[in-house]
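**Student:** One letter stands for each residue in the lines below.
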Amino acid sequence: MITVESVDKHYEDFHALRGVDLEIASGSLTALLGPSGSGKSTLLRVIAGLEVPSSGRVILDGEDVTNLAPQQRGIGFVFQHYAAFEHMSVRDNVAFGLKIRRRPKAEVKEKVDELLRVVGLDGYQQRYPSQLSGGQRQRMALARALAIEPAVLLLDEPFGALDAKVRAELRTWLRRLHDEVHVTTVLVTHDQEEALDVADTIAVMDAGQIAQAGRPRDLYDAPASEFVMSFLGPVARLGGGLVRPHDLDLSLEHREGATEAQVQRVVHLGFEVRVELLPADAPAGAEPVVAQITRAEAETLELQAGDIVWVRAPLGQVPGVVAA
Amino acid sequence: MATVASSERGAPVRRRAGVHRRARAGGTGALPMGVVTVWLSVIVLLPLAALTAKSLGDGTGSFWHAVSSRAAVDALAFTLVVSLIAAAINAVTGTLVAWVLVRDDFRGKGVVNALIDLPFALPTIVAGLTLIALYGQDSPVGIDVTYTRTAVLLALLFVTLPFVVRSVQPVLIELDREMEEASTSLGATPGQTFRRIVLPNLRPAILSGAALSFARAVGEFGSVVLISGNVPFRTEVSSVYIFKLQESSDSPVAAAAVSVVLLAVSLTVLVGIRVLERRGGDRGHA
Amino acid sequence: MREQSRTTRLGLRVLALGYLALLLGIPVGLVLYRTFEHGAGAVWSSVTTPAAIHAFQLTLEIAAIAVPLNTVLGVLTALVLVRGRVRGKPVLEAIVDLPFAISPVVVGLSLVLVYGRTGWLGPWLTDHGIQIIFSLPGMVIATVFVSLPFVAREVTPVLREIGDEQEQAAATLGASSWQAFWRITLPAIRWGVAYGVVLTVARCIGEFGAVSVVSGKVAGESETLTLLVEKRFGNFDLAGAYAASALLALIALATLLLMTRLNPRKEGRP
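Chains as they are written, first to last, in my numbering: chain A, 1 to 324; chain B, 325 to 610; chain C, 611 to 880.
Derived from the structure by calculation, the hints contain no laboratory data.
Everything numeric in this text was worked out from a predicted model, so none of it was measured.
Fair warning: there could be bad hints in the mix.
[Claimed, not checked] With a Cα cut of at most 25 angstroms, we get these calculated BS3-like pairs of lysine-lysine:
1. C:K841 with B:K568
2. A:K99 with A:K109
3. A:K99 with A:K111
4. C:K699 with B:K568
5. C:K827 with C:K841
[Claimed, not checked] The calculated label-pair distances, taken between Cβ atoms and stated as ranges, are:
6. A:D64 with B:L591: 49 to 55 angstroms
7. B:A512 with A:A305: 43 to 49 angstroms
8. A:Q125 with B:A412: 54 to 60 angstroms
9. B:A438 with C:T659: 48 to 54 angstroms
10. C:L622 with A:D163: 51 to 57 angstroms
11. C:T659 with B:L408: 38 to 44 angstroms
12. B:E498 with C:L796: 28 to 34 angstroms
13. A:D64 with C:S786: 20 to 26 angstroms
14. C:A674 with B:A438: 24 to 30 angstroms
Every residue, glycine too, gets a C-beta built ideally from N, C-alpha and C.
Build the full structure now, drawing on both the sequences and the hints.
**Tutor:** This is the structure:
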């Protein structure tokens, strides 16, 4: 269990963390999600001991580690740009932490080979980081972090430097790895899809604070603020409130609580259809509201640019958040 | 899927952690800073402080007297002019050599490229002797420039040869060839392309290399001392003038004063180069 | 058009190579030729006179003290400049560069004004029977001064380039800062250090102006190789000057070879 207690972090001209409180359950995979500059990486580095908080405490499994150096915390840290030791072979990279701890040679070799099997790099022992692809380097870095059997595994945008396809593969793989190893894992990301896909808990950060923390579904369905709602997925603004585009209900006749709008454009994206609407009461030059409907609905409505439709959030469901 | 975060996903975030976050791990603390400060103070600053103090030791009047004597002024003027000429020649020849080394291909290019650094590796006194071998009294080609101002220029060109070449070369290697191809496709002659496309891109590197060679030339001693003959009012450069002054006097106020002036010139150039590089760097990131 | 650009290229090549030949190649070649034109035996006896041997030893001795000092402190300076969390780094950086901008003669004079008989520390040193100027310590200090920036200058960009993530990774894996330095940082910057050391060695062995001021130039006592060259030239012993020069030139060529091998800006090294 990781507990962060009213942690503040000031830099010379920047207030990176503002009174952050967070509890991360043992064995969970938690994502710190937020835009760049929101403080998520700083928080991760404070947990790791790579940054010293200006005030507040960090508690790992009941022990106050705020003033402990990273070396003494028993954590594994994975960096966005791998931080591979370029002058060492893959084997020596993974063995590094064990050699520092002066483990017997046979044990080191066995452990390294086992981990390289786990991360799918068996047979790459003698290679150097420069001979690996980005994805392979990151898996090596993961093996290196796991070798010291950390109590906590911290990942700082681990897939941020990889291309989209490898990124998707690796996060599925990380999820499976976590199910096997069960080490408490914290992952920093700015990609909400990645967070929703991989984490069992998400803490959304905004301007140095935790905006909301909870299970992915709860955050998606019951966001605590406009910021959380818009950060977790696409939103449309209708009558002053925010709604998910796929929650919008279109009809050709006027209905209770619906707003009149003109169809600007209909875009067919395979299984879904995106309808850009301009509400009748929208000010000139306003951005169109985007509704997302199924193909079947679109065929029933036979929408074309210029048509007038009535749009509303579904009955019984208040738009997620009302604008302040 | 449209997301709020999509706009920043492609943003370059490389090295972010290293730039504006200072980590506990990997940083250096107060002790190394203290050691380095003491080291630099004792080795570099203390002597320069003594120099400055000595130059003003007998009051500003004697400082002024020392640096405004005809010999001092003549030596300094000659030093500055000949250094400037050397820097200007270097700007042209250095760019030419860099161009040939990057864009041309011929046998032995690797050797030539390595030899460019020879003036950095060769002791300056040997450099002077080397030039005397070809351009001295025993010259096999019958050219004797010893004890002339040309000899000083020649010596300075020798020792400062690498500066412009080595500052232009990497820029030229990195220069996007497509710019030149675009220029050619728009009808520019090779000469026009060079003047309008290549040269503006090389200018900061040429300037910085030329400034470095100027700074080096202003203080040069070893290569000049043998070939120039050190004729007062003619071929005597400031460093030689200072050398003679300090050798012939027990309280070298005058030598210190002229040194301070020479030091000020070099410092100005050094600061100028830094400003130039910083500006070039900023533009590069824009 | 093709033909024309070919001509231009050839013209430029001839110009550039011609310039290099006249300024660099032919003079250096001629010195080597002049040195050996009367046979290797003459050269050998000229570089094995007691004064020459002593000058060679003294030159190496000075380098043997100055190079390690400047290497250790150069690396430390680079670490402070790149990784330090202190104010005043731009000032520090400027001070490190200073020796490049100062005439060696001015360096020598400044040292005389600190350690000389009438210098700041002169009376105290005299009272304690320590002689610095006109003896080995002064020559070492002068050499340290002029060769001070090389290692720091070469290591600084390499340290910047590798960043500090590897060091942080080492810390999270349990390495102390000392272990991280020896196992991670130093191996990563080793080529930069080596290159800086080569430049430092070259400068130490070749230093003339600053050493000339502080040495006293007593043959067999405080005369380095470069000073020997000057003295022999002054005594109209041209063959002897050439022989000593050839020795220095050979050291320079060896340096050059190492430089091309080690240049950290070159790509594709392991």
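**Student:** Look at each hint and say if it fits the structure.
**Tutor:** Status of the hints after comparison with the structure:
1. Our distance criterion of 25 angstroms between C-alpha atoms is met by K841 (chain C) and K568 (chain B), whose separation comes to about 16 angstroms.
2. Between the alpha carbons of K99 (chain A) and K109 (chain A) the distance comes to roughly 10 angstroms, so the proposed pair stays at or under 25 angstroms and holds.
3. Taking the CA atoms of K99 (chain A) and K111 (chain A), the gap is about 12 angstroms. The hint holds against a cut of 25 angstroms.
4. For a cut-off of 25 angstroms, the pair hint linking K699 (chain C) to K568 (chain B) is broken: about 37 angstroms separates their Cα positions.
5. Restraint check for K827 (chain C) and K841 (chain C): the C-alpha separation of about 9 angstroms stays at or below 25 angstroms, so the hint holds.
6. Against the hinted window of 49 to 55 angstroms, the Cβ-Cβ separation of D64 (chain A) and L591 (chain B) comes to about 52 angstroms, which satisfies the hint.
7. The given range of 43 to 49 angstroms is respected by A512 (chain B) and A305 (chain A), whose C-beta atoms sit roughly 48 angstroms from each other.
8. Hint check: Q125 (chain A) to A412 (chain B), Cβ distance near 58 angstroms, so the stated range 54 to 60 angstroms holds.
9. Hint check: A438 (chain B) to T659 (chain C), Cβ distance near 32 angstroms, so the stated range 48 to 54 angstroms is violated.
10. Remark: the range hint 51 to 57 angstroms for L622 (chain C) to D163 (chain A) is contradicted by a beta-carbon distance near 43 angstroms.
11. Hint check: T659 (chain C) to L408 (chain B), Cβ distance near 42 angstroms, so the stated range 38 to 44 angstroms holds.
12. Range check, E498 (chain B) to L796 (chain C): Cβ separation about 29 angstroms, and the 28 to 34 angstroms hint holds.
13. A C-beta distance of roughly 22 angstroms is found between D64 (chain A) and S786 (chain C), which places it inside the suggested range of 20 to 26 angstroms.
14. For the pair A674 (chain C) and A438 (chain B), the supplied restraint of 24 to 30 angstroms holds, since their beta-carbon distance comes to about 27 angstroms.
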